[in-house]
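J.: Residue strings, one per chain:
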Amino acid sequence: MSQNKTLFDKVWDAHVVETVPDGPQVIYIDKHLIHEVTSPQAFAELEARGLEVFRPNQIVATADHNVPTLGQELPIRDELSRTQVQQLTENCGKNNIELYGLGHQYQGIVHIIAPELGITQPGMSIVCGDSHTSTHGAFGAIAFGIGTSQVAQVFASQCLLMNKPKSMRVSVNGKLNKDVQPKDVILYIISKVGTDSGTGYFCEYAGNVFEEMSMEGRMTVCNMSIEMGARGGMIAPDETTFEYVKDKTFAPKGEEWTEKVEYWKTLKSDSDAIFDKEFEFSAEDIRPMITYGTNPGMGISIDSKIPIAQNESEEKALKYMGLESGQSTSDIKVNYVFIGSCTNARIEDFRSAATYVKGKQKAANIVAWLVPGSQQVAKQIYDEGLDKVFNDAGFQIRQPGCSACLAMNDDKIPEGEYCVSTSNRNFEGRQGQGARTLLASPLTAAKVAVEGRIPAFENLN
Amino acid sequence: MQKLVLIKSQAVPLPSENIDTDQIIPARFLKSISKEGFGENLFRDWRYNVHTNEPNADFVLNNSKYSGEILVAGNNFGCGSSREHAAWSLTDYGFKVVVSSYFADIFKGNALNNGLLPVKVSEEYLKDLMETITQNPSTQITVDVEKQTISFNQKTENFELDSYKKICLMNGYDDIDFLISKKDAIKAFEQKTQKVYEQEL
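Protein chains in written order, with numbering that gives the first Met the number 0: chain A, 0 to 460; chain B, 0 to 200.
It should be emphasised that the hints constitute simulated quantities derived from the structure, not laboratory data. Keep in mind it's a predicted model, so treat the numbers as computed, not measured.
List of simulated lysine to aspartate or glutamate pairs, DMTMM-like, C-alpha gap at most 20 Å:
#, chain 1, residue 1, chain 2, residue 2
1, B, Lys-126, A, Glu-314
2, A, Lys-318, B, Asp-44
3, B, Lys-191, A, Glu-258
Where chain A lies over chain B, by a calculated footprint (3+ residues, C-beta under 8 Å):
#, stretch
4, 13-22
5, 165-178
Just so it is clear, CB atoms sit at the ideal spot from N, CA and C, and this is done for glycine as well.
My request is simple: use the sequences and hints to build the entire structure.
T.: Right, dumping it as structure tokens:
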């Protein structure tokens with residue numbers, strides 16, 4: 000039966016409680032994920048109004064943004080960070096909210112743990128006070144970041160007031176080139192459409208490239224939807240999705256599983272669905288990518304030269320980065336490599352890096368940090384013996400957290416230094432005051448760590 | 000939330016495009032459990048020298064020529080992180096309006112939830128306004144929430160504002176009260192749809 004509906008329409012419409020005449024809609028939220036940095040003021044707001052948390056069972060908490068990645072078993076040294084984490088523990092205890100805090104076997108980056116525990120499921124509405132909540136759209140969920148006032152709204156009512164975003168679709172078809180990873184695909188898309196073309200939209204990713212991608216890869220792609228301005232990204236759930244969710248800790252079981260899968264199978268855009276905006280790209284055009292500027296749209300294939308600045312903002316970006324138009328990427332004096340973040344800290348990311356690194360040595364000039372996305376990912380790294388590969392090569396494996404992606408803890412890149420990073424943002428000062436970030440895939444990051452520079456030449460055909 | 004009805008003020012020009020929330024308030028200042036005091040670190044790394052912590056003379060907030068309750072910024076203001084601390088730092092500093100040709104979604108919502116009005120104008124209007132206030136810092140700008148207009152030097156443009164949000168801004172209401180008033184409908188919705196979505200940990 001065709002109703003001209005997009006995947007986004009189907010999931011959104013299923014969550015509309017009410018429509019305010021000439022105004023927003025009341026949207027029901029299935030899962031609310033919280034962390035230590037954007038929740039304290041929301042709890043305080045609730046308390047100030049004498050309100051209770053309405054549906055504590057639909058909230059899951061973890062500590063990830065400011066936590067140290069060394070010595071997590073010890074008290075947090077930084078007083079302000081320690082206070083935030085303690086406040087979260089106290090707030091969760093008081094309100095009967097499940098907390099996977101430091102020391103818990105499920106602790107980790109919020110967008111890594113919810114999928115790996117089966118909390119994230121197709122067809123759900125999921126929010127978190129973090130813009131990379133778009134990650135969960137990889138399962139065919141509507142998932143988006145919210146501000147702290149909205150965190151308080153969901154606490155109080157399990158709902159949000161929202162105007163329905165428009166729909167866009169990005170299709171990528173064809174055969175991906177060797178060494179092109181999901182991160183390269185999304186960096187390529189953002190470099191083509193720009194950092195604001197998704198503003199006001201939810202983006203569906205379609206085409207054989209995404210259909211053939213693993214769930215980890217799909218999460219990497221949806222994660223960065225916000226970097227082109229889109230509130231969320233989505234990929235229609237399929238056998239790959241069901242296979243991933245099945246048997247996860249909190250996944251539906253038995254008869255409920257069968258029922259849900261039947262429903263999930265209906266979650267795809269109708270063939271005659273109309274999108275407000277469409278982009279199409281060929282997989283063959285995508286090469287391993289790297290960013291050279293101070294927004295994620297300033298990306299090029301690693302064998303290109305730094306482009307000429309098109310406006311004042313780009314000039315300012317090149318100045319901050321200490322780069323010049325026409326320069327080859329392999330000339331950049333990279334001294335740091337960071338493999339981690341909600342974009343690329345899943346087991347598949349570390350496996351691909353380890354496959355390349357095995358038997359090789361890290362270059363002497365490089366400091367290489369590997370920060371697993373969760374305790375479970377860390378456990379897998381050790382269970383699979385990847386730790387030996389990385390340790391032998393001189394990489395440092397740390398403990399789970401957001402780490403050098405936003406440098407709220409001690410994991411900061413020093414001023415003026417270049418870091419090839421698998422994270423999602425290359426904004427000024429993002430990885431530390433004056434730090435210069437070059438975004439890339441885990442494979443490219445591993446290559447940089449071994450070769451001591453961006454390996455531009457081997458990619459020239 | 001403070002009421003916002005009519006704002007008449009000079010404006011501060013900040014022409015950079017794609018100003019992300021990490022620039023508005025860097026992550027290292029997010030380690031607070033209250034909403035107070037973020038204005039001190041608004042645009043911290045542009046405003047102060049990274050080494051000496053002395054004000055950067057060439058940054059607009061340190062230039063005594065420019066002041067006011069209106070910030071005029073380049074395209075795609077507020078992109079990046081969802082941190083509401085960005086809106087809190089702008090209001091704490093004293094801004095009531097931000098004008099740009101484009102706002103990132105999450106920032107826009109956060110701003111409206113804190114009585115900070117994002118005014119989206121055309122690129123031509125923004126260019127004209129930016130040049131005018133840069134050259135003549137004493138130019139008065141008027142933003143009328145009810146009429147949804149912005150004007151300076153007899154040049155007026157309309158801006159979009161959801162009618163629900165307009166009522167909230169003009170009366171200082173916020174969404175929590177409204178949502179609480181919908182509890183019965185929300186509970187009925189939960190009953191109706193339980194089979195499809197409900198998942199309890």
